Every structure is written in C-alpha cells, then in structure tokens.
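The primary structure of each chain is shown beneath.
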Amino acid sequence: MENTIYLRMYHKIQVNPDKVVYVKDLAQVIADEKNCHKILNLPVYKVSKKDQNFVVIDAMQVINKISQVINGANVQMIGPAESIVEIVFQKKKVSLPLFILIWMLLFLGAALTIIYFHEDVSMGAAQRRIYKMITGIEEEHPLLFQIPYSIGLGAGMILFFNHFFRKRINEEPSPMEVEMFNYQQDLDRYVIMHEKDEGKNNLS
Amino acid sequence: MTIKLLFVMFLGLAAGLAVGSGYVAFLAVLGIIPRLMQLSKTMGMIVAYEWAVILGAVAGSVGSLWNYSLSFPAFAAIPVGAACGIFVGMMAAALTEVLNVFPILAKRIGVDDKIIILMMAFVLGKIAGSLFHWLYFDGGPSF
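Going down the list, the protein sequences come from chains A and B.
Just so you know, we're using our numbering here: the first sequence kicks off at 1 and counts up by one.
Just so you know, we're using our numbering here: the second sequence kicks off at 1 and counts up by one.
It should be emphasised that the hints constitute simulated quantities derived from the structure, not laboratory data.
It should be emphasised that the depicted structure is a prediction, and the values quoted were computed from it without experimental measurement.
Where is the CB? At the ideal position from N, CA and C, for every residue including glycine.
Just to be clear, a hint being listed does not mean it is correct.
[Said to hold, decoys possible] Think about it this way: if two alpha-carbon atoms lie no more than 20 angstroms apart in a straight line, the pair counts; the simulated SDA-like pairs of lysine to any residue are: (1) A:Lys132 <-> B:Asn67; (2) B:Lys114 <-> A:Leu159; (3) A:Lys34 <-> A:Val75; (4) B:Lys107 <-> A:Val23; (5) B:Lys107 <-> A:Lys34; (6) B:Lys114 <-> A:Ser122; (7) A:Lys132 <-> B:Val58; (8) A:Lys93 <-> B:Leu118; (9) B:Lys107 <-> A:Phe89; (10) B:Lys114 <-> A:Ser95; (11) A:Lys65 <-> A:Asp25; (12) A:Lys93 <-> B:Phe102; (13) A:Lys132 <-> B:Ser69; (14) B:Lys114 <-> A:Phe181; (15) A:Lys93 <-> B:Ala106; (16) A:Lys132 <-> B:Leu118; (17) B:Lys114 <-> A:Pro173; (18) A:Lys12 <-> A:Tyr183; (19) B:Lys107 <-> A:Asn3; (20) A:Lys132 <-> B:Asp138; (21) B:Lys107 <-> A:Asp25; (22) A:Lys93 <-> B:Lys114; (23) B:Lys107 <-> A:Met104; (24) A:Lys132 <-> B:Val62; (25) B:Lys114 <-> A:Leu98; (26) A:Lys65 <-> A:Asn3; (27) A:Lys12 <-> A:Asp25; (28) A:Lys132 <-> B:Gly63; (29) B:Lys114 <-> A:Leu96; (30) B:Lys41 <-> A:Val75; (31) B:Lys114 <-> A:Glu177.
[Said to hold, decoys possible] Here's a subset of chain A near chain B, in silico, CB distances under 10 angstroms, partners left out: (32) Met77; (33) Ile102; (34) Gln127; (35) Leu159.
[Claimed, not checked] Take a look, some chain B residues computed to stay more than 10 angstroms from chain A by CB distance: (36) Lys4; (37) Leu5; (38) Glu97.
Could you put the whole structure together from the sequences, leaning on the hints where they help?
Below is the structure:
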C-alpha cells in the first residue's frame, strides 16, 4: 500500500518555551517521499506559558493531524503511544556557596553516621577481638587494623558505585546511574498519566 | 539432664538458623555479591562466593565464641583491616542506594552533572569520620 505511513513517537523531547512542535520533533516517520516531507512539517502543538513544565502529546493527536492532510492515510504505530514534551526554561544555575553548603552537609553527615554505626555495633570491641584473633596481642588501639579499615571503607564505596573520582573502573553503568534512570522513568510515567488530556474524569 | 542438654542444643541450632538466614537475606537485599561479580566478570563463580560467605561467618563465630587466637605478626592485620573496611564500605554504599538518596537529592537541587562530587563528599566523609573515631573520639592512642 503506497499510503501506509509508519510512525514512531519519541519517548521524550525537550523544547524551548513558545515553540511550535512539529511532527518531525515528535516522531520518526516513514512514508513515500512526497507525503513524508508534508507530514514531517505539520505543526501539532504550540507551547504556551500555561503549559508549565510538561505537555503530553498523544499519538492520536498526531494521527488526527496527518489524516487531515492526507486522505485515506493508513498510519501504523510503532513504539510508545505518547511523547512527553518537556519545556526547558532557562537552566537555573546552582550557586557555589549553596553547593559548598550541601557538600559540607553530606560530608559531615556521612562522618557522623559512620561514628554512630561503629558505636551502635560495638565496632571498637569487635576490632580489638579480631586483632587478638590474628596476632594474639591484647591491644587497646589496634591502629594497624583500624587505619586500613578506614581507607577500605571509602574504597568499598567507590568500588560499589564504580567511579574513581572522574574515572570509571569499567563500562557498565553504576547502580546509581541505573537508580537515577529508574527514578526518571517513574517520574515520566507519572507525568504521562497525569498530564494527558483524556485522563480527565467524567464524574458529574 | 539429657533432656536439658538436648533442649539447649536445639535452642542453639534454632538461634543459629535464624541469625544465619537473616544475615544471608540482608546480604541478598543489598546485592553486594552480584555487584562484585559484575565488576570482576566472574558470574560463574557464584557457588564459590557463597561458600566464602558461609565459611567466613562460621570462622567468625568460632573465633569469637571460643576465644581462639593465632599469633601472626602485627602487620598481618593490615590486609584484614582493609578487606573489612571495603566490605563495610560496600554495605554503606548499598544502603544509601537502596534508600534512593542521591537521585532525589540531585533532582531537587538540580545538580545532575555534579553528582560525582556530591558522592565524593559521602566517601570522604566516611573515611574522615572513621579515622576521627579511631584516632581521637575513641580515646585514641597517646601520640
């Protein structure tokens, strides 16, 4: 069929405020040549101030626009049924003092919690015990055990997150990156369900 | 007497079972072993790693309950200390990850690109806190 149009919506796009969103911004399209150009440049939506941060554009809206221009279009959908349009306002910069404040907060918080943890599980007594098990010496402050332990603590965290400062230990994503991805996906799903126009309830 | 002994043995076994299975369940939730296998690409060695954990737990309880001690030179404590530290560090990292601290923090204050620097605050904080604990807070040696 020469009129078949294949449409694949992007999962998420980012636009500037007041931009007109065209089909080419929203989806990949395969169609025969003369139609393809026409479809790609169809305006679908005009972003306005009242949209705030997110607009969800459903494939139905796109198909509707296409069928207004092309008679008897046979649109085949592939992939997601809607795309999220994120309206990116001027990226707000985090000020340096605030960042340093947060950094210090995390630093001191981490330091305090590890002391809490050590006290809570009687780490000092356990370490004296381990030191005695290895060397047979009763030592009140087994620093030969405790200093490597402290450094190993940091090394273990870096190992788990797979980051050595800027450098990666290997190519795999770190659990934190996966976690951020999952969190973003959850947010996206929430936005899709809550911003969709037809999601309105019909209670009288 | 025999009944008493049998009951105590049974009680000990039951307590051991509860603690042991709880420990393994905790390790499984934190996912440290899969993470290490993923980093070292040794998925096939999982049975050996399981045995390492089991034997480690048994050795620890034997050593601590029977007051047993070896007489290695003092510097033998260095690799053991480092290994213990790495293990606890991985557990701490796994816990912060389970709690979803960083993704939310990064999103809220909009520092997605500087997240590694924030993470280093955590890591360095742990090291500093631990050293402070052993060198000063815990009485500390008299330098």
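Results of checking the hints against the structure:
1. A:Lys132 <-> B:Asn67: holds (9 angstroms)
2. B:Lys114 <-> A:Leu159: Between lysine 114 (chain B) and leucine 159 (chain A) the Cα gap is close to 19 angstroms, so the pair holds against 20 angstroms.
3. A:Lys34 <-> A:Val75: holds (16 angstroms)
4. B:Lys107 <-> A:Val23: Judged against 20 angstroms, a Cα distance of about 30 angstroms means the pair is violated.
5. B:Lys107 <-> A:Lys34: Measuring from Cα to Cα gives roughly 44 angstroms; hence the hint is violated.
6. B:Lys114 <-> A:Ser122: Distance ~35 angstroms between lysine 114 (chain B) and serine 122 (chain A) Cα, so the pair is violated.
7. A:Lys132 <-> B:Val58: holds (18 angstroms)
8. A:Lys93 <-> B:Leu118: holds (16 angstroms)
9. B:Lys107 <-> A:Phe89: It holds: about 16 angstroms lies between the C-alpha atoms, which stays within 20 angstroms.
10. B:Lys114 <-> A:Ser95: Distance ~12 angstroms between lysine 114 (chain B) and serine 95 (chain A) Cα, so the pair holds.
11. A:Lys65 <-> A:Asp25: holds (14 angstroms)
12. A:Lys93 <-> B:Phe102: holds (19 angstroms)
13. A:Lys132 <-> B:Ser69: holds (6 angstroms)
14. B:Lys114 <-> A:Phe181: holds (16 angstroms)
15. A:Lys93 <-> B:Ala106: It holds: about 13 angstroms lies between the C-alpha atoms, which stays within 20 angstroms.
16. A:Lys132 <-> B:Leu118: Violated. Lysine 132 (chain A) to leucine 118 (chain B) sits at ~38 angstroms, over the 20 angstroms cutoff.
17. B:Lys114 <-> A:Pro173: Distance ~17 angstroms between lysine 114 (chain B) and proline 173 (chain A) Cα, so the pair holds.
18. A:Lys12 <-> A:Tyr183: holds (15 angstroms)
19. B:Lys107 <-> A:Asn3: violated (44 angstroms)
20. A:Lys132 <-> B:Asp138: holds (18 angstroms)
21. B:Lys107 <-> A:Asp25: violated (25 angstroms)
22. A:Lys93 <-> B:Lys114: Since the Cα atoms of lysine 93 (chain A) and lysine 114 (chain B) sit roughly 12 angstroms apart, the hinted pair holds (cutoff 20 angstroms).
23. B:Lys107 <-> A:Met104: holds (18 angstroms)
24. A:Lys132 <-> B:Val62: Within the cut-off at roughly 14 angstroms; holds.
25. B:Lys114 <-> A:Leu98: holds (13 angstroms)
26. A:Lys65 <-> A:Asn3: holds (15 angstroms)
27. A:Lys12 <-> A:Asp25: This hinted pair holds, its Cα atoms lying about 10 angstroms apart.
28. A:Lys132 <-> B:Gly63: The given pair, whose Cα atoms are some 10 angstroms apart, holds under the 20 angstroms limit.
29. B:Lys114 <-> A:Leu96: holds (12 angstroms)
30. B:Lys41 <-> A:Val75: Distance of about 45 angstroms is beyond 20 angstroms: violated.
31. B:Lys114 <-> A:Glu177: Holds. Lysine 114 (chain B) to glutamate 177 (chain A) sits at ~13 angstroms (cutoff 20 angstroms).
32. Met77: violated (31 angstroms)
33. Ile102: At 6 angstroms from the nearest chain B Cβ, isoleucine 102 (chain A) passes the 10 angstroms test, so the hint holds.
34. Gln127: Given a least distance of 8 angstroms, the restraint on glutamine 127 (chain A) holds.
35. Leu159: holds (6 angstroms)
36. Lys4: holds (30 angstroms)
37. Leu5: holds (28 angstroms)
38. Glu97: violated (5 angstroms)
Going down the numbered hints, you'll see the structure goes against 4, 5, 6, 16, 19, 21, 30, 32 and 38, while the others check out.
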